[in-house]
Structure formats: structure tokens, C-alpha cells
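**Q** What follows is the residue order along each chain.
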Amino acid sequence: MNYYIGTDIGGTFTDLVMLSDAGEVTIVKSPTTPSNRTKGVLDALELAASDLGIDAKALVKDLAYFAHGTTAATNAFIERKGVKTGLLTTKGFSDVLRLQRCMASWAGLLDHEIAHYSARSFPEPIIERKLIAEIDERVDYLGKVIVPLDEAAARASIRNLVAEGVEAIAVMLLWSFRNPAHEQRLQELVKEEAPNVFVTISSTLIPILGEYERVSTTAINSYLGPVINRYISGLEESVRSLGYEGPVSIMESGGGVLPASEAAFQAANLLTSGPAGGVLASQKLGELLGYKNIITADMGGTSFDVGLIVNGQPMLQTVREVGRFHVALPSIKVTAIGAGGGSIARVKGGHLAVGPESAGSEPGPVCFGRGGTEPTITDADLVLGIIDAQYFLGGRMKIDVELARKAIEEKIAKPLGMSVLEAAAGIREVANNQMADLLRRVTTWSGHDPRNFALCAYGGAGPTHGHQYASIAGVKTVIVPTTASGHSAFGTVTADRHRSFSLAFGERTPAHAKRASDHVNVKALNDAFESLDAKCRDALGKETKIERLVGMLFRQQVHEVFVEVPNKVLDANDIDALVDRFQEKYEALYGKGSALRGSGVEFTTLRTEATTPVVKPNPAPLPLRTDAPKPVGLRKVFFYREGLLDTAVYRSGDLGPGHKIAGPAIVERPDTTVVVGSGQSLEIEKYGNMIIHLDAKEVR
Amino acid sequence: MDDIRPKDSLVYDFKRTAVDPVTFEVVHHRLISISEEQAATLSAISGSPLVNDATDFNTGIFGADGAIITLGKTVLFHAASVAEMVKHIIKDCADSPGIRPGDMFMVNHPYKGALHPPDFGLVAPVFHKGKLIAWTGVCSHQIDVGGVPGTTATEVRMEGILVPPLRIVENEEFRTDMLAMILGASRAPVNMNLDFRGMMAANRVALQRLGDTIDQYGVDVVMSVMQGTIELSEKTVRERLRKLPDGVYRAQTFLDHDGVQNKLYRIHVEMTKKGDELTLDFSKSADQAPRFMNCTESGLLAGVRAGMLPILAFDVPWNEGVFKPMKIITRPGSIVSATFPAPVGQGPIGAMWLVETTVTEVLSKLVATSPELIREAQASPNGGPDPIGFEGINQYGEVLRGGNFDMVYVGGGAYSHRDGLSPQGHRHIPAIRLQNVERAENNQPLLYLFRKFLTDTAGPGRNRGGVSVGHGYILHGVDKMNIRFSCHCYEAPSSLGMFGGYPAACNTRKLQKNANVLSQIEAGHLPVDIKGDLQSYPAKMTQPDSFGVNDVYENGPSAGAGWGDPLEREPELVAKDVFYELVSEGAARDIYGVIVTKDRKLDVKATDKRRAEIRAERLKWIAEKTLSGAPDTKAQGDLVAIVGDRASIQRVGGKAYFRCECGSCFAPAEENWKSYAKKALAAPADLGPRIALHAELEAVRYACPSCARLHWVEIKMKGEAPLFDFELRT
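Order-wise, the sequence lines are chains U and A. Taking my numbering, the leading residue of the first sequence gets 1, the next gets one more, and so forth. Taking my numbering, the leading residue of the second sequence gets 1, the next gets one more, and so forth.
One thing to keep in mind: the hints can contain errors.
What the hints assert, rightly or not - Pairwise CB distance ranges (calculated):
id: 1; chain 1: U; residue 1: N573; chain 2: A; residue 2: S536; range: 35 to 43 angstroms
id: 2; chain 1: U; residue 1: V569; chain 2: A; residue 2: A523; range: 42 to 50 angstroms
id: 3; chain 1: U; residue 1: S233; chain 2: A; residue 2: E522; range: 45 to 53 angstroms
id: 4; chain 1: A; residue 1: R187; chain 2: U; residue 2: G143; range: 31 to 39 angstroms
id: 5; chain 1: U; residue 1: G447; chain 2: A; residue 2: R729; range: 53 to 61 angstroms
The set of hints was computed from the structure by calculation and includes no laboratory data. Please read these numbers as outputs of a predicted model, since none were measured by experiment. We put the CB at the ideal spot given by N, CA and C, even for glycine.
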């Protein structure tokens, strides 16, 4: 029997999902060990082995694949625990990284934080000002050298940085994506002067137009590279020391996994890879169950993260904000608001507000009894009877309903003149509506209608609330995956090997051009795509599947849209067809008649997405159940506007494929509580995932 | 600004109902999300950088009478525009042609609600059962609306097409004939058409979703929530005001050059705070100007609201409620309330800008009397932009018109607890995204020499202002183009410090012709240091000048002003600023009293000595009056109000005094303390190398007669009495 393991380190738990050739899925959780994260992974491995009645060493003998998702990069960046890094940049432009295109004082802040001017501040810098060296050189917009590189001065600058003790260097020169010679030469000089210094040059990592995004991404990559290198090597060594010889893959944020040996060079790509794992897991699940359009909704302790899968493909973004800077590597788009189990409810000006402040995991909700005093969403769920105090995390964690009740009474019910139950239901109602508003925002703002999507609800609190926030947003089907509480880990083991390469192109048509092909150099386009294809094959092998894309925009406009490009030698007709396709796609996204074709079109960026499937088993169908589902009991649960309802309570262990349950009902799982509302129904499909059919009200 | 209300027969008579707190929150969140979706819809369809990056637009939901219910957090000036348009639509159109379901109205007339002709609004009435319940609207800045170059317009009719409230959408469709007429007046009709479509779609989204929300919750509940949110914000702001001391607070500034003459125009506000109400009186502001820097009453309102929102409403939903406690008195025919047909094209970066600045100052003075709110008080955030206009042919042989947003890269004003942000960007744009240099070079025939923080732009202070970013460039890919400048804050510093903080730089331009650019590049370096004979320009140009391949230009924007006496700034911080060339050695020595060593590290001993010298020098200044029988510096006093964080009004032995933190009660509270301070005129150079002073202006510094602490730096007309900033009711 072969096993395939995916692991994911979260803030509180390290999750492990194990697939076997027989299609069995095992999920285990072990506490995250912040001082040495590898230990948490090994602990989880031990737990998974003990599930099979063996030890880790024995399990590793049958281990065919090991994948890993980590918040190491994100944490190191947010806490600014990268290495001392220097920057070499074009003379006159050393402030670009600090200016952040004037976004420095608001990037990454919430709306209400932006409105509070006096409290605004700058992010902690990635690179100290004294470690930014200006290089004499200049290239123009056509890639022509205006001022040659002053090598002697550059060498002296590099020596200075090395003397200051930098462990890494980032290089970003203006227009280097048009002419990388100066950056490449600087890389050589760094290698000569300091062979052990980790170096990233922008023209290799991210050759696109936009010096701020390039310098930010390149600086972050250098800043994190050595940290990731140490972390991944440590992890790999530990797994290898158990005797594992198979491949080790690392989750990235762009839609797949990287070989471990590549991870350090793509450190910036590892940022926010956790949420990406959940989206990829939902994509695979969708393939298995036959859903092509899925809203992914991860509700954990502090945040509610929403992604989209459209026509089987995760929605990507070209730039994302992380730790108040920007990373311009294509990534799976996930939008978050501060709504999770730990989100705090407060009375403000006589009205009830929930979040975005969170009690987090420490002290956590009041019911945890760890000193939390502010009532949270989890406290409300408990008081309402949705969560059973005796069966929280399958009974492994004791929580106190009285503490929760008291807090809600004091802080919410009394000030608002409501009963405790009404107040608790109010907290749920407000939070669920906020989440529904986010679902709507994510779908409609990207040109889609939530009614055409199924929703995949995961994270510890997701299945507890999904039946309602999805319903308010007009969604008709909620999928609660068997891996709901380890969905990101599941994503790491199911994801394909993936790399993305971009290249600025910049050919343009004049205003009112009749045919784009009269103005765009088709040979240059073909050559550029061939070079990108070659990079893909270098990275992922000859057989890798390559998808070509071109980013285009209407001149004088800002929306860049990526259009698929056929995998062949393009001719003039293809160019014109691309422009037509661009217009079509643009109007599908931004509305009929929104295309400003008269202003001309710019072919901004070329991109290739390469994927090579990783061999792994699909889950096996579970035996069909012919008996009727049996509840473990009946309890009074308070629902907003409905009051106390007798609600059947089931345990997931008692249920199997074929079982159908009518709401109101609760299904308790060891990792989460699934709620089915009145008028809704739940069925278990053949792999054990739960499908909730919502009597969805018409969308608002 | 009369209170215009639609006729009762048109308006739906809703029943105010008690809404439970849960429903209230849910519906309120829904209303805000509708406005956000409106904004997203406009941004998507428009695609314009003005909408998407500069956020020069706004969306919102308004009551039947135009009261703001939701307001997007985009350019703050628009807090007035759409709401004012609604009032004019009601006034002009209610009887004829009428207001019906399915109609939308277009306005860009600056005397009918718009801030200046480029701002086009499209506003839709919201009906329920045939009666008006609300309005929803969008306003966005257009690239071109016709008209002549700004400085040459002598009346608003020359500044582009003027659209009064016009029923351009009927039965939910554009009247194509009217649309064609308006688009026909623009030099960028395609872009304009797209923005209009975006605005229409945004309104449709809002109408649809408002209707759905009403279907779900009932019209009475939704309208009660609309009312309730306004009341909630009003209550918070009134409670905040009630805690502050009653009195009269004043601020003023000067706009230099009117496009014809280098004349000064005063913008003056006298704010009376009584109980939970504010009255802002602008009557003492100058008469309107002959050219485009005026603003209309809508513009005045816009400037006032932009000044007010971040100071008094930083934590409450932005809606009509926050403005209710505020009354405005103004004088028609003044620069802040121009009368038709005065030109107003540059109003938003002219008079309106300085209204925001003076209101920011006067409200900062008010909140600086409260330990609880002083954190929200801010020194001036940059005196005004100096936009550059390009005319010619670009490197692709296409027509080049317009400019860039480089002038937005400016520092913010200092606070009592921190330096100004470097950069903050324009204060009334909460979140802006500016262009990369590579994007600019891709689109315009320029080669940038640098984008960097400039030396001595920020106003010095205990906390200094935010530093501004300068840009240098040469022509690239073409032989020539024409350029045009137009600004204020050129010879009249209008980024003013608080409590001893210095003003920030004036706008400076370094344009050198025949700078041998080509031969320098040939020799292997770019002409980064602009030396030699510089061109001299007036603040506002009526004729363009040429810019050629051997010419080089550097813009030097105004920046954030300082807070507190610069002698009290941590010397280490000053040395660090000198090290990074944000402050020159000269300014460090003469303004901050900080001496650095050869390698630009702090020289502690020399600094102590220098600061003692400056203080001794200040004590030699002359005070107009001296208080006899002042209480002892150690006398116990009862606090009436703080005045900034280094002085207060205190009652000692039954009398109220202005008292420095050193203990000296040097002025009676009922008089202007400045008359009792040691004072000295400052030459422009004393205030910093980037300060210029108009012949009719003077800068006066006021210090404590006992400890020499600098309490204020004032820019005023020669021969006038010092401004009585704080006239507190004691």
C-alpha cells in the first residue's frame, strides 16, 4: 500500500491529510510548534502512523509522496524576521521601495483604519535605507542603454553591503525587463564578491513593467530566501532521516506545488500559500463531484477567506498585498474580512457590531475559559445550542457555556434590552450577513453571479455558518468537504506541480488602428513565448502542460485582462483574433460596451502557466447506506427569527452515503459542527462529503 | 445653500419604526455594500486611471431631500458634490420636466452642485410605489470637457460645456441626442462616454439592490435605518463637540497670483463653537478672482467637509449626520463663494484646497484644546499642488495632452504624537495609487532622472511635517513640447505649522534651459544636479513655454507642516534627517539648532551650545506688551483648557491666563497671547531654503518670554494685527 501525505502548518494546528492507494482519506491534527515547526509536522506524521497501528518509520517505508504547505514565509515576513538584505537599484530611484506608489500609509489597512488619519503609519521596512545602494546606469523604455553600468562603482557598493553584513541582495534596475544585461552583470559581480550571499534579480523573478512592484517582490524574495532555505532544508532532512526517498513538494500561492529545491528561489511565491491550498483542494473536490463554479469559503478563528473557481479554474490576481507591501507574482485570489469564530461582538452607539477585532486563539472566545471577556461568534453558537459544550472538537476540549452566556448577557443583551438568546442569535445574524455581503462582493465585482455557484464551506467555523451566509447570498448548494478542517493540507497533496513565468511585452497599437496585426510584431511575440515555454520545460520537464496567456489593456485604461493564446506559431490573423478575444473577455468582466477599443490596445505581459500532474489516488467511494439516519438526540436550538426549535442532532460517524437529513438539524463532527436550517436538507454523497441543499431565497 | 426640499406630494411618507439592533446593523451594512458595489461597477466600466487610481469620483445614497446616507471614502471633496446636485435637481426639475421613476439627471454646472466643470454627476431618483424615497448618484472627473486652457478662461462659460440638471435618462435609457451633444463638446468623447455608461450602470445596481432590500425588509424599516444612521453619526459628533471648550477659533491663509496679477487673496475662517454646534464664517475672505482659482458655494462646502471628516468623524459612518452640527456663513462674491459667471476650473486645487487647509487648521486648533482629541489635530498637509501641463506630440507620433500625478507625492502634516507621513499624498484622497516611472516613460516622451525625497521640503517642528518627493526629467524620444504651470503656495506659504511648527516649503521649480543634457549623457552620466541659470516663471502662466532636448526640469512640491518648537526635536532624529538629506545642514543648524559632524553624525555638545544660543537670541526679541503682576511660575493653577501640548489656559488666583508649560503665565486669557509673547520677523531664508514670501506678507515668530519656547509661526499681511487664534470662553 502506498501513502501520499499533505501537511499544512496553521497558526494553531499542523494538519496532515493522508491518502492511500485504496482511496482512504485520513486527517490528523497536531499542535503547531512555533519554535521548531518541523516538530509539529513529525508529530502529525507519528499520529497518522499510529492511526494505521504502525510508527512513523514504518509509514515512511510506504510513503510515495510528501507535500507541505507552510506559513513560514508569511510569518517571517509579517514579523519581519527575514535576513539582513541589501538592494542595488538605479541611481535616482532608491526611494521607490519606501514610497510604494504613495500606498505606504494605507496598503493593507482596513477601510476604517484608512479613515483614521492620525493613527496611520508606515510599514516596517524590508530593507534599511542605508543598505540601499544606487548604481550608475540607465536603460530607456525601449531597452536602449542610456548610461552604461559603472562596474567599478557597483563593485564598491556590493563590498560595502557585504561589509555591513547582508545575507541577501536584491537587484532592481529600471527597464531591466526590456534589457536585463545590467542586472545580470550585477548578479555576476555579487557572485564574485560574495558567493554565499543570496541574490535575486528582478528581470529573472518577475520581468514585468512597474518598478515598484518589481522592487517590492524582488526585495521580499531576497529577504525571505535564506529563511525559507533553512526551513525547507531542515524539514526535508527530518523527513529524509526517517528514510523517505520520494519527492518533497512545497505549496506555492500561484496554483500548485514546487519541488522543495526550488522553494527558496521562489520564497515570495510561498507567501499566503495556505489559503491557496484550500482553493486548490476545493477545485479538486469540484472535479470529483462535478462542480465547475465554486465559491470557496474558509471561516477559521479570525478571518473569513473567500476565493472563486470559475469554469474549473481558480481565479488569479497579478498583484497582492502581503504584510503591507506588494508581491507581483500571479497568485490565487483570496479576499478576507475579519469574521471568524473568535470575532468579537460589541454594542456601538446602541447597535450591534461584530468584528473585525478578534479574540484569536489566545485568549480566544470567552467559553474557552482562558481569560477572554469579550463575547465572540463561537460563544454565540454555544449559547444558542448549535455547538454542544460536551462535544467541542469531538469532546477533546472543554468549554464553558455559562461563561459565554454571562458575557453575552452583560455586554450585549442588557445594553440592547434583549434576551440572551436573541442577542446571541443577533451576533450570528450580523456576522452571517457580513459574510454574505463579502460573497456577493467577490462574485459580482469580478463579473459573476453568486447564484451560479456552489459554495465549499470549510475551516473550523465554516460549516457551522455556511447554510446561512450562502443562502443570504443566493447560493443554492453548500459542500462541506470531509476534509473541512484540514482542507489546505488536502490541497497540498492533491495539487499539481506548477510554475508560472511572465515577461513584459509592451507592443501596442495606435489609437483607432484598423488591424492590430499591422502594429504588433508577431515574430517578437512568437520568440517571447518560445523563451517562456523553454523556461517551463526547464523547470517542470519536457512533458509539462503549458498554457499561454497574454495580458492586454486598452491604452489610457487600467484593467489588465489575460487572454488564452493558442500553443502554436502565431500569425497576423491570430493577433487580430487575440484582440477580439480580449474585447470579448473584457466586456464579459466589465460590462457590455465597456471596451475602449478606439484608444488602442497594449499587449502588456506574456505569461505561461506550466503544470505537471503529480500521481496520487482519488478517494474511494464509501459503501452506500440503506438504513435511515439515526440522530443521537434532539436538542433545543435557537434560530434567529424562528426561536427555539427542536433540532435533531447527528454524529458524522453514524452517517454515510445515501443518508438524507431534513433541517433543522445539526451534524456533529469531531472537527466542526454542521448546521442545516429549516427548509434545507443535507445529503451525504458517495465519498462522504456533505451536500446541503439550501432553499435559497432569491438573491438580493 | 438654502434648504431645498421636494414637495411633500412627491415624497413617500414613510412610518418611522423602531428597528431592532440586529436588523439595523444588517441593513446598514447592506446600504454601505450597495455604495461599494456602485463604486466597483463604475471602476470596472470606466477603466480610467482617474477613477481607478486617483479615486476622483464618488458614489452614494441620498435621502429624498439630498441628505447623505452613505458616502464612499474616495476624494473627500465629493462629500459635497452629489448631495448638492440633488438639491439643484429638485429645485430646477421638480416642476418641469419633472422627476419620474426611470429618470436620471446629469449635472456638471459648478453653480448647480458640481465642484468644477470636469466633475460630471449622474443622479437617479429612487421611487417606491410611485413616490420618491431617496436618490442614488455618482460623480466622476472627466479628462476633457471642452473649453480653453485653464488660466485663459475669464468666465465659467469658457471652461467647457455646462450641463445644468438635465433629464438625460428617461425610461432607464440615455436620451441619445442629448448624450451626443454633450460628448460632442469633449476632446475625449470615447472616454467620457465610457464613464457615463459606468455611472449609469452604477446607478442601476444601486436601484436594483435598494429595491431588493426594501422588498426584503420593508420600506419603513429601510428608511428608518437610513434616518437612524444619520442620527447615530450626528449624536457622536455632537457629543464630541459638547466636551470641547466654547469660544472663537480663527485661521487664515493666502492664495498668491490670480492668473493676471501677482495679487494675494485671503481665505479666512472664524469658527464659533458653542455647545454642540459649530458656525464657520468665511465672510472675511477676499473678493472673487478674475481667473479660475475661485470656488462656488458647493466648492466651499466640499472644502469644509474635507477638512472636517478626518478630524471629527474618523470613527463614525460618513453621512449627513456628521455635518449637521455645522453651519456655514459666507459672502457671495468672495473667492470661496464666487458668483456666476466667475471661472472656477481650478477651484479644487485653488480656493477649495485652501478652504480645506484653513478648516483643517481651525478644527485642529479646536481639538487641540482637549487631551482626549488632540491626537486628531494636524498641521497643514501641503500647501497646494503645482501641476504641469504637456502639449505636443508623444514618442509614438500621437497627440500629447495632459500632465501627470507627480505633484501628489507629498508629505502630510505633523501631529502632536508623530511626524507627518512621508509621503501621505493629498489629504483629501484617503487611498491613492500613483503611476510607476516606467508607466509614465512608456506613455510620455520623458526620461526621469529621479523620484526621491527632497531636502528641506517638510515644515520643521518638534514633530516635522512629511517630506515631499521630487521628480526630475528630460525630454526623450521627441525634440520638443510645450509646458504650462499653474499653482499657488509659490510666494505665499500655505502649508502652515501648529504650535511653533514651521511652514513647509513653497512650490519650487527648477527648470534649466540649454543644460547640455545630450553632452552630459554622451559623457556617461545623467544631468541629476540642476545648477546654473534657472528659468523664472510666475505662479500661474497664461502662455506655455517650450521644453527642449537640452532642457532639464525638477519639481519641488510643498510638503507637510511642522508641529511644535523645532528646538525640542530629538537631536538624533534631526541628525538622521541630515544623514539622509531630508534636512540640510543649514536648516539643522539654524532652525533645529542641531550641529552634525563631518560624517553627518550628531555633535551633542555643539548642538547643546547652538540651541542655548538660539534660545538666548529669542529672549532678546521684543514683546508688544508685558503682563504686570503675573503669578509665580510655580503657582498652582486650575486647567481651563490645554492649548496644544505645551501651553494651556489656566485659572490662577481667580484670573485666567495663557500659560506656557514652563509655568509662566505671560498673557491674560481674554487677550491675544501673541501680544505678550516675544516676537520677531523672519526672513524667508530663516524659515528654510524653499520658502518665498510675497512682498505684502511677513512671517512672525512668537516665543514664551520666560523660557523662549517657540509657540507659533504666523504668516500674515504686513501691517495687520496678529490673528487671534484662540479666543476661548473662560
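**Q** Taking the CB of R187(A) and the CB of G143(U), does the distance hold inside 31 to 39 angstroms?
**A** holds (33 angstroms)
**Q** For the range 53 to 61 angstroms, tell me whether the beta carbons of G447(U) and R729(A) fit it or not.
**A** About 58 angstroms separates the Cβ atoms of G447(U) and R729(A), which means 53 to 61 angstroms holds.
**Q** Can you let me know if the beta-carbon spacing of V569(U) and A523(A) is within 42 to 50 angstroms?
**A** Cβ of V569(U) to Cβ of A523(A): about 45 angstroms, so the range 42 to 50 angstroms holds.
**Q** Falls inside 45 to 53 angstroms, the C-beta gap from S233(U) to E522(A)?
**A** Since S233(U) and E522(A) have Cβ atoms about 50 angstroms apart, the given range 45 to 53 angstroms holds.
**Q** So does N573(U) sit 35 to 43 angstroms from S536(A), Cβ to Cβ?
**A** violated (57 angstroms)
Hint compliance for this structure: hint 1 is the single one not met.
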